[in-house]
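Here are the chains, one letter per residue:
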Amino acid sequence: MPEQLIFGMEVFLNGLMAGVLYALVALGFVLIYKASGIFNYAQGVMALFSALTLVGIMEGQVPFGHLVNAIFGTEIHGFGWHVPAFAAILLTMGVMILLAWCVQRFVFRDLVGQEPIILFMATIGLAYFLEGVGDLMWGSEIKKLDVGLPQGINAVIDETTFEWFGYGFFIDNLDIVATIIAALLVAALVVFAQYTKQGRAMRAVADDHQAALSVGISLSFVWVMVWSVAGFVALVAGIMWGTKSGVQFSLSLIALKALPVLMLGGFTSIPGAIVGGLIIGVGEKLFEFAVGPLVGGATENWFAYVLALVFLVFRPQGLFGEKIIERV
Amino acid sequence: MKMKLASLALGATVAAAPAMADLVFPSLSYRTGPFAAGGIPFADGYADYFTLLNERDGGIGGEIAQVPECETAYNTEKGVECYEATKDSGALIYQPLSTGITYQLIPKVTADNIPMHTMGYGRTSAKNGKVFSHVFNYPANYWDGASAGVNHFLEQSGGSLDGKKITLLHFNGAYGREPIPTLEALAEKHGFEFNAIPIDYPGQEQKSQWLQIRRERPDYILFWGWGVMNQVAIQEAANIRFNMENFMGIWWSGSENDVKPAGMGADGYKSVQFHNVGSDFPVFDDIQKYVVDAGKAAGAGDQVGTVLYNRGVYAAFLAAEAAKQAQEANGTSAIDSGMMRDAMESLTITAETMEAAGLPNFGPEFSVSCMNHGGDGMAAIAQWDAEAQAWTLISEFAPSDASVIDPLINADSAAYASENNISEGCS
Amino acid sequence: MFYREAGDFKTSYKDDNQTFPIKFDRYRYYAVLFVAFALVPFIVNDYWVNAMLLPFLIYSIAAIGLNILTGYCGQVSLGTGGFMAVGAYACYKFMTAFPEISIIVHVILSGGVTAAVCILFGLPSLRIKGFYLAVATLAAQFFLVWLFNRVPWFYNYSASGQINAPERTVLDIAVTGPNTDAWAKYMFCLVFLTFCALIARNLTRGTIGRTWMAIRDMDIAAEIIGVNPLKAKISAFGVSGFFVGIAGALLFAVYLGAAEAGDSFGITKSFLVLFMIIIGGLGSIFGSFAGAAFLVLLPVLLKNVLVGMLGWPTDLAAHLEFIIVGGLIILFLILEPHGLAQLWRVAKEKLRLWPFPH
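Chains as they are written, first to last, in numbering that gives the first Met the number 0: chain D, 0 to 327; chain X, 0 to 426; chain R, 0 to 357.
Hint data in this document are derived by calculation from the structure and do not stem from the laboratory. Mixed in with the good hints there might be a few duds.
[Claimed, not checked] In the BS3-like style, the derived pairs of lysine-lysine whose C-alpha atoms are separated by at most 25 Å in a straight line are:
id, chain 1, residue 1, chain 2, residue 2
1, D, K322, R, K13
2, X, K164, X, K188
3, D, K143, X, K164
[What the hints assert, rightly or not] From the structure, some residues in chain X lie toward chain R, with a derived Cβ separation under 10 Å:
id, residue
4, V79
5, D87
6, G99
Positions of the beta carbon are idealized from the N, C-alpha and C atoms, including for glycine.
Model the full assembly from the supplied sequences, consistent with the hints where possible.
Next up, the structure:
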């Protein structure tokens with residue numbers, strides 16, 4: 000087999016894996032957009048916030064320690080305990096649910112029925128707010144996150160492919176785990192949406208707010224639930240990316256990776272987010288591989304958007320988005 | 000930190016501008032934003048060293064050193080605001096700690112007659128004091144760093160790089176592209192193959208770049224990164240089992256922050272440094288005693304001895320030495336920014352000066368002149384020991400390849416001079 | 000009482016169609032112009048100009064530009080940063096290539112170049128709508144920044160990739176470069192802002208503005224009544240690009256003096272300008288000013304209060320700044336979802352009847 004083709008296959012596989020991670024972030028956007036029509040700019044910051052909280056709990060950091068020390072002149076630096084990863088994830092989930100409730104109670108309850116651009120703007124305010132709170136609570140230095148996920152090259156794949164092609168493929172163990180978790184997460188979400196009472200309520204709200212309200216579904220409950228689920232997705236994304244790079248401010252920028260995925264897949268479709276993520280992941284990696292060296296590299300950022308743009312010109316509502324029907 | 004906000008708030012109206020006689024060293028720091036992890040230790044070190052001088056020696060030459068801090072968040076516009084807010088308070092020297100802010104301030108400080116020291120960043124050709132009268136970048140700049148890295152690889156591969164392949168993995172921006180001309184010239188000279196792989200900001204996803212490296216199998220990698228890019232690159236290098244011995248970062252990609260997240264995988268990673276590492280210096284005992292234990296540290300006090308903290312201390316040390324020499328030269332303790340500039344231009348750092356400050360062998364010996372604002376480009380190589388969780392210098396401070404770098408510096412500064420109608424000084 | 004039409008009779012169509020038909024409004028407008036042109040230049044110092052007034056003036060121009068596109072024509076754009084970069088780099092190339100021509104011409108030409116680029120990236124808007132359109136403009140954002148980083152011609156092959164504004168003068172008074180007086184920079188930007196605002200105000204009142212608003216409110220309906228969507232959208236992108244390009248050129252040449260595409264014109268800039276017009280008020284020239292003022296002045300004010308007056312550590316102050324700005328955005332939205340401009344409109348309505356509201 001020609002060498003370039005083998006390299007291409009390796010790039011393709013890695014693109015698929017990266018695409019799954021993008022899809023994970025995009026999923027959080029889709030959930031909230033579907034159920035409440037809010038384009039949640041704060042999703043990236045939520046991932047950062049949840050990862051910060053997780054590390055903080057695991058390391059026994061004192062929330063607002065820096066602030067408390069500054070005000071009272073104390074020297075508090077930590078509780079001095081270590082919480083096991085699993086318990087810490089549960090606790091963080093609790094915090095995210097609390098956050099969801101606060102968001103619903105203090106922000107969106109007063110903004111029901113506003114135009115999308117205004118809801119969008121409220122999430123901008125929320126993003127600013129959370130960014131400040133996260134930093135103030137846990138400090139802005141970089142933190143190592145280790146919940147026991149494996150990392151590094153997968154030896155089995157490396158050896159097998161070496162036997163087949165004479166060139167060992169590089170697949171990151173973390174990416175494999177992320178793919179499995181993302182697949183499970185999507186399956187769980189689908190089951191939840193299709194077969195549970197709460198899930199049906201969620202879908203009903205997504206279809207028609209007023210009709211759902213009239214048959215006795217509590218809108219505020221559904222919205223708190225949706226924000227909690229989005230918080231959970233943010234936490235999973237935060238763990239995956241945080242394990243890679245340490246938990247730090249840049250984690251909030253992963254939202255930028257999810258935007259082209261959303262556009263491509265359609266704002267309203269969960270399968271769209273998955274397929275869109277895969278297309279973007281593979282597309283940008285292959286382009287960088289094939290064309291990147293000719294034009295000087297670092298093309299991934301804009302190529303994802305251009306790819307989405309080309310798709311949209313042919314399908315303005317995204318791959319799986321609901322067809323936009325306009326009447327006068 | 001024992002600054003009690005409550006009490007401070009009460010006394011807020013009393014707190015006025017610093018008394019005019021004080022020496023003012025504004026610190027344009029960034030403790031927030033995407034690069035906060037790098038900005039915090041530097042700002043702590045910078046402030047702590049001056050606090051030490053105030054507490055232990057009663058200031059510099061009897062004058063208290065003030066370090067008003069201003070948060071830039073690495074944002075050029077906030078940098079402008081900070082500069083304007085502090086320049087009228089009698090600022091002696093600026094250290095903006097950001098390439099973008101440096102470029103903006105180069106013309107401004109020249110017009111305002113305030114020296115600027117960009118230690119290991121900023122505009123490399125500012126080494127040419129004939130064009131850049133108020134900008135200093137001693138003891139080393141990026142081109143020195145690139146040359147030091149290549150020299151080290153040269154030594155590592157037994158004196159010849161002929162037929163070897165060196166890849167520059169870099170931030171896709173002005174900062175990351177700086178070393179490319181130098182490395183191209185060096186490639187011609189030493190006969191190695193050179194290619195550059197850019198990473199776009201923020202650099203959280205580098206699979207493409209590392210797959211490319213894995214395909215092309217370079218013998219050595221030089222790395223110009225900053226922020227999250229550093230952690231991810233080192234992690235990915237560990238993932239593909241690249242030999243860390245052959246992977247070297249510039250000084251901004253060589254702190255504890257960058258290697259710790261990768262755990263044992265980062266063992267053996269190297270970086271170029273222009274100052275010493277570790278906390279095994281008398282000055283740190285004094286800082287512990289007079290500053291941290293006294294509750295006067297700028298940060299939490301847990302950064303003492305880290306690479307970036309040391310860099311802050313070193314920057315403050317060089318500024319304080321220049322101030323001292325300015326005081327001696329002018330026979331007055333109340334110096335102004337013009338005197339400070341003149342003193343920086345004749346600054347000489349010897350082993351004795353460093354020894355006296357409690358920093359023996361902390362940096363290279365060098366002297367500055369009107370023609371040469373950049374010292375001799377002395378840099379050393381440090382290596383990370385993941386077992387001991389510590390950086391150690393594995394080489395002496397050695398000069399860079401001036402025969403390659405000087406022509407490049409002259410060319411770039413001449414272009415700047417002609418574009419901005421600057422006539423050369425230092426006649 | 001204040002904004003009353005009663006007794007303010009018009010005897011010609013010209014009078015009736017003037018920009019500010021209410022007498023009080025008109026006098027207030029003259030008063031603002033008088034203060035801005037005749038008083039402020041004499042009292043400002045370096046800090047006021049460089050930290051607050053210049054960014055406010057320049058971002059106001061950018062916000063007006065984006066408001067025409069997003070607020071009046073309904074096309075969401077997240078490419079403002081990239082388009083500002085086009086203005087900045089165009090200005091740099093003009094300044095260095097034709098040093099003998101006035102900088103005023105350079106800035107205007109940069110606006111023209113940006114308009115052309117903006118139109119090019121606006122073409123997909125004929126197919127793509129709403130938030131989906133944001134992707135087209137984001138593609139512009141990332142692609143343009145990448146391009147300016149990648150092609151050395153744009154930064155005259157300098158080793159550093161940074162662009163520097165050389166000194167240029169207007170009537171022998173330096174307006175760019177380090178030896179510029181604060182008032183000169185201020186006046187230079189103020190003149191541009193005034194002209195941009197005047198043009199924008201009059202464009203949005205006329206035929207073209209009405210076609211934009213028709214497209215914004217419902218493009219299919221607009222098409223049916225005879226509005227040409229191609230012409231309307233393209234003209235909105237062009238006019239918007241022109242203003243944004245001028246803002247980018249001024250930001251680089253007058254305010255920063257040096258710039259790099261990724262550093263100064265990144266995606267955060269696009270978001271910042273979008274936030275300005277949303278907070279200020281979509282579809283309102285006044286809103287553009289209010290939003291720019293809010294996001295430029297509030298952080299500086301907060302910083303000065305928290306750090307300067309209360310003596311807080313800078314990092315705590317910076318975090319609190321974020322919390323306060325975010326909280327205020329949410330609070331404003333809950334109280335008045337249509338931005339600061341709407342608050343102003345409501346206040347005007349109240350003042351009209353005051354002190355006898357019934």
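Taking the hints in turn, this is what the structure says about them:
no.	hint	verdict
1	K322/D to K13/R	violated, 48 Å
2	K164/X to K188/X	holds, 14 Å
3	K143/D to K164/X	violated, 33 Å
4	V79	holds, 6 Å
5	D87	holds, 7 Å
6	G99	holds, 4 Å
Hints 1 and 3 from the list above are not met by this structure, while the remaining hints are.
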